[in-house]
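Based on the provided sequences and hints, a complete structural model is requested.
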Amino acid sequence: MRHSKHITNPTVTGFILSSFMAFIVACAPSDLVIEGSVPVPMIKKIPVQISVYYPDAFLNFVHTETSEEIGDWQIDLGKQNSDFFRSLFGSMFDEAVAIEKWGGDASDGPITNTQAVLVPRIKKYGFLTPFVSGLGFYSASIEYELTLYDVRGAAILSWTVVGYGKSEGKVFAKEEAVEQATLLAIRDAGARIAIEFDKQKAFESWFGKLVETEDGGKIEPL
Amino acid sequence: MVGRLNLYKHKLLLLILVCILTGCASSRVEEFRAAETGMALEEGLVLLGRASFSDNETKESFTDCMADSLKGGNRPLRVVPQKVFRDNFYPWFEPRVEPTSAEELKALFLEPGVKKLISSSNIRYIAWIEGDTVRVDDGGTMSCTIGPWGGGCLGFSYWEEDASYKATIWDLEKMISAGQISSDSRGTSYIAGVILPIPILARPGNAACTALADQLRGFLTGS
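Taken in sequence, the protein lines are chains A and B.
Mapping of the first sequence onto the numbering used here: position 215 corresponds to residue 215, and the numbering continues sequentially without gaps.
Mapping of the second sequence onto the numbering used here: position 166 corresponds to residue 1166, and the numbering continues sequentially without gaps.
Worth flagging that the hints you see were computed from the coordinates, not collected in a lab.
Treat the numbers as computed from the prediction; the structure is a model and nothing was measured.
By construction, the Cβ of each residue, glycine as well, lies at the ideal position given by its N, Cα and C atoms.
Treat the hints with care, as some may be off.
What the hints assert, rightly or not - Okay, the calculated bits of chain B under chain A, using three or more residues with CB under 8 Å as the criterion: (1) 1037-1050; (2) 1081-1091; (3) 1101-1115.
Said to hold, decoys possible - Within a straight-line C-alpha distance of at most 25 Å, the following computed DSS-like cross-link-like pairs (lysine-lysine) qualify: (4) B:Lys1106 / A:Lys199; (5) B:Lys1106 / A:Lys44; (6) A:Lys44 / B:Lys1115; (7) B:Lys1116 / A:Lys45; (8) B:Lys1071 / B:Lys1059.
Below you can see the structure in the form of C-alpha cells.
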C-alpha cells in the first residue's frame, strides 16, 4: 500500500501540474513582435528619385484585439514593416530617401533632389484563428494605402493594396502561426506593389509628363 | 522442415502485426508525358506548392516530405528548398503573382535577371504540386473519462482519408510543360478504446508523398 502511494503521487501531481500549465498557456495574453527575413526584390528599377515619409503610425503599428473567442492579442508589426518597405522601395526606385518630416504640402520646406514623395500607411490589419474561421489554418490580412505626392504636395496616386497570408495551425504554437501568416501577408502585398506600382494609370500619366518635361531626356521611359 | 515452417509462421505474424499497427493505405499513380526529359547530376529541381488561398491548398509539409524523399534513394536529386527559391526570385513566385502556364513563364524570363539567375542556380525543372488530404468518411463512438482514481477509454472509432495530389513539371531549359503525374491514396484509420486507446493509423498523405516522389524521380531521370 505504501509502495502504491509512492508511485501514484508523482503521477497525479504531474498530471495536475501539466493540466495547470496547459490552462495557463492557453489563457495567457499573446504579446507578439513580428520578425522575419526581408527578401530583396529582383525587379527593374523605376527611373524616379523619391522621398519616402514613414508616418509614426506606420513605424510603430501595434494591433491589439481582445475577445472571448481568441483571448488577448498584441501584435507589433512596426519594425518588420519598416525594414521590409525600406528594402522594397530601395529596390523599386532609382533612389528612395527616407525623410523625417512631411506635412503633405510644400509649406514644410522644399523636397530637394527628388521628384515625388511616397507615403505608406496601414489602414487595417486583421487575423483569423481556426477556432473563429472554422478552417484548419491561421490567416492574416493587411490593407496598405500608398499615396504618391508631387513635390508641391499634390496627390498623384492613392492606391490600396491588400496582402494576405495563411499558415498551418499547430495546437501549442498559435503565436508562431499568426506571425507566419502576417509575414506572408506583408510579402504578398510587397509582391503586388513591386510588380504593379508602375502600371497604375495615375502613375503612368504623371510619369509620362515627367519624361516630357525633363530636359534632354534624362529619364528613360518605362 | 518444421523449423522452416515456424520461420514462415513468424514472418506471416510479423507482417500481419505491421499491417495492423500501421493501418493500410492503397495508392494509384498516373503519368502523362508531353516531352522527353533528362537530368544531369548537377542540375536542380524545385518543388513549389500551389497556393490558392482556399482550404484545400497544398501544405508545406507535403512538399517537404517529397523533397526529403527525392534527396534520398538510389538516385538522389538536387532539390532546391522552396523557401530559398521564393526568396531569391522574390516577387515573381509569390502565390498571387506566380506564373500559371508555360507561356507566362516565358514572359517572366524576359524580366531582368530572372533567366540569368535560373541559369546560375542550375535549376532545370520546376514541379508544381497541387492537392490535399481530406477526410471522406468517419464513424463509431469512443468515450474517455479521467478522474482522481484513474481513467480509461471505451469504444471504437474510424475515419477514412483521401490524399489526392498532382505534380506538373516545367522544363526550364526547353520552356515547356513536360508532363503531369498524379497520385491518389486512400486509407482508413481506427482507434479502439480498451481502457487504453489503441490507434491503428493509415497515413495516405505519406503514401501519396512517397508514390509521387518515386514516380517524379523516374519521370525526370528515366530510371
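Worksheet item: Which hints, by number, does the structure contradict?
Response: The structure breaks only hint 1.
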